[in-house]
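> Each chain is listed here by its residues.
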Amino acid sequence: MKTMICIVCPVGCHLSVDDSMVVHGNRCKRGEVYAIKELQYPTRMLTTTVRTTSREIPLLSVKTSDPIHKSKLFEVMKELKTFVANVPVACGDILIHNILDTEIDIVATRTIEK
Amino acid sequence: MVDTLIIGGGIVGTCIARELSRYEGTVLIVEKENDVANHQTIANSAIIHSGHDPIPKTLKARLCVEGNAMYELMEQQLHIPILRTGAYVVATTSEEEEILKVLLERSIENGVLGATLLDAKQARVLEPNLSLQTQKVLSLPSTKVTFPWEVAIRAMQNAIRNGAEFRKNTQVSSIRKIDNGFEVATTNGEIILAKHVVNAAGVYSGVVAGMIEKNVPYTITPRRGEYFVLDRRVKGFVQHVLYPVPTKAGKGVLVVPQTHGNILLGPTSTHQEEPERVGTTREGLDYIRKQAVKLAENIPFDQIIRSFSGIRATSTAEDFYIKESNEVKGFFHAGGIDSPGLTAAPAIAKCMVEEVMGGSISLRKKTYFDPIEPEKKAFHDLPDDEKKALLRRDPRYGNIVCKCEKITEAEVIEAIHGPLGSDTIKGIKKRARVGSGICQGGYCEETLLKIIARETKKRLDEINYYALNTPILIEETKVKR
Amino acid sequence: MKTDICVIGGGAGGLAAALSSNDDGVSVLLVEREGHLGGILNQCIHNGFGLEVFKEELTGPEYAERFIKEFEAKKIPHLLNTTVIDIRKTKDFLIDVSNEANGLFTIEAKAVILATGCYERTRGGISIPGDRPRGVMPAGSAQRYLNIDGHLVGKNIFILGSGDIGLIMARRMTLEGAHVHGVAEIMPYSNGLTRNIVQCLHDFDIPLYLSHTVTDIKGKDILESVTIQEVDSEFHPIGGTEKTFEVDALLLSVGLLPDVHMFESIPFEKSQETKSAVVNQFCETSIEGLFVCGNALHVHDLVDWVTKESQKAGHFAKQFVKNPVRGKSNLKPVETGGFVRVVVPQKIDFGQMENPFELSFRVSKKMEEGILRIEQNGKTVREKRYKHLAPAEMESIRIDPSFLSGDHPIRLIVEEVVK
Numbered sequence: 001m002k003t004m005i006c007i008v009c010p011v012g013c014h015l016s017v018d019d020s021m022v023v024h025g026n027r028c029k030r031g032e033v034y035a036i037k038e039l040q041y042p043t044r045m046l047t048t049t050v051r052t053t054s055r056e057i058p059l060l061s062v063k064t065s066d067p068i069h070k071s072k073l074f075e076v077m078k079e080l081k082t083f084v085a086n087v088p089v090a091c092g093d094i095l096i097h098n099i100l101d102t103e104i105d106i107v108a109t110r111t112i113e114k
Numbered sequence: 001m002v003d004t005l006i007i008g009g010g011i012v013g014t015c016i017a018r019e020l021s022r023y024e025g026t027v028l029i030v031e032k033e034n035d036v037a038n039h040q041t042i043a044n045s046a047i048i049h050s051g052h053d054p055i056p057k058t059l060k061a062r063l064c065v066e067g068n069a070m071y072e073l074m075e076q077q078l079h080i081p082i083l084r085t086g087a088y089v090v091a092t093t094s095e096e097e098e099i100l101k102v103l104l105e106r107s108i109e110n111g112v113l114g115a116t117l118l119d120a121k122q123a124r125v126l127e128p129n130l131s132l133q134t135q136k137v138l139s140l141p142s143t144k145v146t147f148p149w150e151v152a153i154r155a156m157q158n159a160i161r162n163g164a165e166f167r168k169n170t171q172v173s174s175i176r177k178i179d180n181g182f183e184v185a186t187t188n189g190e191i192i193l194a195k196h197v198v199n200a201a202g203v204y205s206g207v208v209a210g211m212i213e214k215n216v217p218y219t220i221t222p223r224r225g226e227y228f229v230l231d232r233r234v235k236g237f238v239q240h241v242l243y244p245v246p247t248k249a250g251k252g253v254l255v256v257p258q259t260h261g262n263i264l265l266g267p268t269s270t271h272q273e274e275p276e277r278v279g280t281t282r283e284g285l286d287y288i289r290k291q292a293v294k295l296a297e298n299i300p301f302d303q304i305i306r307s308f309s310g311i312r313a314t315s316t317a318e319d320f321y322i323k324e325s326n327e328v329k330g331f332f333h334a335g336g337i338d339s340p341g342l343t344a345a346p347a348i349a350k351c352m353v354e355e356v357m358g359g360s361i362s363l364r365k366k367t368y369f370d371p372i373e374p375e376k377k378a379f380h381d382l383p384d385d386e387k388k389a390l391l392r393r394d395p396r397y398g399n400i401v402c403k404c405e406k407i408t409e410a411e412v413i414e415a416i417h418g419p420l421g422s423d424t425i426k427g428i429k430k431r432a433r434v435g436s437g438i439c440q441g442g443y444c445e446e447t448l449l450k451i452i453a454r455e456t457k458k459r460l461d462e463i464n465y466y467a468l469n470t471p472i473l474i475e476e477t478k479v480k481r
Numbered sequence: 001m002k003t004d005i006c007v008i009g010g011g012a013g014g015l016a017a018a019l020s021s022n023d024d025g026v027s028v029l030l031v032e033r034e035g036h037l038g039g040i041l042n043q044c045i046h047n048g049f050g051l052e053v054f055k056e057e058l059t060g061p062e063y064a065e066r067f068i069k070e071f072e073a074k075k076i077p078h079l080l081n082t083t084v085i086d087i088r089k090t091k092d093f094l095i096d097v098s099n100e101a102n103g104l105f106t107i108e109a110k111a112v113i114l115a116t117g118c119y120e121r122t123r124g125g126i127s128i129p130g131d132r133p134r135g136v137m138p139a140g141s142a143q144r145y146l147n148i149d150g151h152l153v154g155k156n157i158f159i160l161g162s163g164d165i166g167l168i169m170a171r172r173m174t175l176e177g178a179h180v181h182g183v184a185e186i187m188p189y190s191n192g193l194t195r196n197i198v199q200c201l202h203d204f205d206i207p208l209y210l211s212h213t214v215t216d217i218k219g220k221d222i223l224e225s226v227t228i229q230e231v232d233s234e235f236h237p238i239g240g241t242e243k244t245f246e247v248d249a250l251l252l253s254v255g256l257l258p259d260v261h262m263f264e265s266i267p268f269e270k271s272q273e274t275k276s277a278v279v280n281q282f283c284e285t286s287i288e289g290l291f292v293c294g295n296a297l298h299v300h301d302l303v304d305w306v307t308k309e310s311q312k313a314g315h316f317a318k319q320f321v322k323n324p325v326r327g328k329s330n331l332k333p334v335e336t337g338g339f340v341r342v343v344v345p346q347k348i349d350f351g352q353m354e355n356p357f358e359l360s361f362r363v364s365k366k367m368e369e370g371i372l373r374i375e376q377n378g379k380t381v382r383e384k385r386y387k388h389l390a391p392a393e394m395e396s397i398r399i400d401p402s403f404l405s406g407d408h409p410i411r412l413i414v415e416e417v418v419k
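Protein chains in written order, with my numbering: chain V, 1 to 114; chain U, 1 to 481; chain P, 1 to 419.
If you are wondering where the hints come from, they were derived from the structure by calculation, not from laboratory data. Ideal Cβ placement from N, Cα and C applies to all residues, glycine included. All the pointers check out, no bait thrown in.
Straight line, CA to CA, 27 Å or less: simulated DSSO-like cross-link-like pairs of lysine-lysine:
id : chain 1 : residue 1 : chain 2 : residue 2
1  : P       : 2         : U       : 388
2  : V       : 78        : U       : 478
3  : P       : 110       : P       : 75
4  : U       : 387       : U       : 406
5  : P       : 55        : P       : 74
6  : P       : 155       : U       : 458
7  : V       : 114       : P       : 74
8  : P       : 89        : U       : 406
Pair ranges (Cβ atoms, derived):
id : chain 1 : residue 1 : chain 2 : residue 2 : range
9  : U       : 392       : P       : 398       : 46 to 56 Å
10 : U       : 392       : P       : 34        : 22 to 32 Å
11 : P       : 106       : V       : 70        : 48 to 58 Å
Counterexamples of contact, computed for chain V against chain P with all Cβ distances above 12 Å:
id : residue
12 : 1
13 : 19
14 : 20
15 : 98
16 : 101
17 : 105
Pulled out of the complex, with its shape left as it was, chain V reads as follows:
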């Protein structure tokens, strides 16, 4: 029996999923969908920073283009530790394609001119 709190809406139902993957405690269908996904393939958006070649603005905020599997968070952080983004960079630019074979990109979330 796995338990979790649903985050789909502000109610925050306390959910539990039994061994036959039946969800209990949800007040709507969305909670059921969330619970199953959380158990089978939990994903998270990752937002972090990377170094830049800019002297004035040494860090660039970035995000994953889509949520990535929860287990990959620290691996991706480690990979980005040594990455350097070349300025100029525009908000929305893809800095790294398909990071660590996840089919997910790392996207700049800020524009740095120089």
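Position chains U and P against the provided structure of chain V, taking the given hints into account.
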């Protein structure tokens, strides 16, 4: 070999250094912390007491009244800020009224000028927020307030101007008598040779004395005092320093206007064993709230921006111990200097040098001594034409670093450089007041960090909060190469 | 330097206000103390912004970028690296500013919009006892050091306060390699979004200590440990519940306060509840032509609301400039009752009731179901049911002048529906 080694860079040590620098001979002052003025000197009520409280005929009484008068000259020469507040000692019961009469007599005997009794109505004319329970007050017009660490910093700057040397991060570990003086070892392996040693080590004065004497004539019994700081926007809430009637424990919890507009509430008085544990306590802070309301109505507690505590070097001698050692000639004590230490400091220095040292060793006055430290007002306290002139010279007076207190980059840079400059966050706070306002450095600490790093050519994570090895920033998260 | 409207602050609030007051007939000048626009959004690199305004989920910098792009495209005049020293008023407003490029000078404006955001409540502000070593700082400062400067402030962290800033930092520090030992929260429930509890604490097994607060801090020069204790219903620490954590940084997420205290010369009426200016439905203070919006007016939970409010403030400031002769102002206070803790605006100007307006309010306790009633002269003129009201969630209600009559003050009441 230096002529005089002073151990301790607080208000007493720095005033003695300045006094000694009037005379021929080399003066070296050593301080174990990473800056001048670190312990009692930065954690007190900032009051220059009138001398109403010490027992007559004690050194405390004499040097308090003398020191109070000497601050007039200090203001002119060192350009330290002085607020002429006067004080009221507040009596709320008939027993306390009787004590006021005793204090008045004591004041007169101690030579305090202008001490007089007022009834509550008269007192309230100048002090509308005075507690409604007030029955009578003892008015002490000679009471003043200063900015304590600035006094120490300027006294030291003046001593340096006149040839003295200041060494920080130098902690004495042992003292040995040798033929014509002393061999003083430090914790970092240095040996300093000195003809004479002055012990101005505050709460450690007993420990330092014990390095050379078998029977130290006093024991330090540390007493912690906790305070609240109210934001400078409460300026004008009270005009006078407000004292309750004193008890055995001390002067009590006071309400004290400060030179920059803030108000201090405190101190408490709690004995503790450890000489350096300067933590505040819930009990202490609660006690201040309870006691302060006895002195004034409508205290703006919601304007509290900070609390701190300091340790007094109270000693078993119960009076200042300013004498040459009984056991070792050439070793001079300024031991057990607690309240009124700040007030008495210039007088302690004069007494130590002229009477105590002068009575034992030969001191010759220099032909030239420059007693003046030039005035240095905060940029935003200057009149407009002076501001414009400074801006023309250095546009960085236009770059505000601390928005709450209006401190500019040029002032920060000045505080970093120079013989008594500082490269720490707290050191700059002491000198330029960056971070002393309502946001307590929440916004400007980062800007300050960057300026210090730039000016001292260091990395951001090398800049210390205060002591050595207290960097604000731990590690860089992204690897450069 | 002369302008019609001076906007102080170039973050979410200032950008929205400047954009909405920008008009052919009205000149706008924005003053910002940093070297770039965007304000606090620049360091809020996490997701969750823009769901209301853009119907998209954006990070802080992306949200700011949308407005900065428009602002720059419209070539709205602005001063960077410029700090406002004071605001005075003779006939018009005199804004004294300072920067390195030009020194000290004064901007003359017909109207001023304060969009200066908040500063964080400090350790001193809640009187946490103990030693005062390096390593105790507001969570937002740690966020800036990490996201803008690239440095951790500690390797072993404890966080006081479970509002969103504290939760976000718990996750952020963990991802960057620090060990967050726990989060303490003095209330019996967390203020933060459930999503953040799950994704910032549960995901990383960071314990949340509800009904706990920090009661001691130890460390001579650097932080060595913090002690937390459980508190009772009066928030007094309970003896015997001490838990000590050996950490080198304590982050404080204990509240935001509007940053309006530095305008000393201009005596606008202040609110004890919001700690900012008392305003009317146009975000106008007791001083005609002085507007406050965004977090500088009251702390918002979502930046989207800051944008919407500031757009209105800009619009009203523009109206004020275009029609300087205002006619009869008829201000009445907004009264509150039941579980309403705070309401903004605090005053309604019945002399200018042409358009509908919003009242924002917070309740004083959590409730599953509540009823909001608007009363005027003892009569209920509007009623609305709410599910899930909480002090941490600001709500708003639209008031249409058509359901008000006369100029009797209105009263906002929230009652709990107990099943």
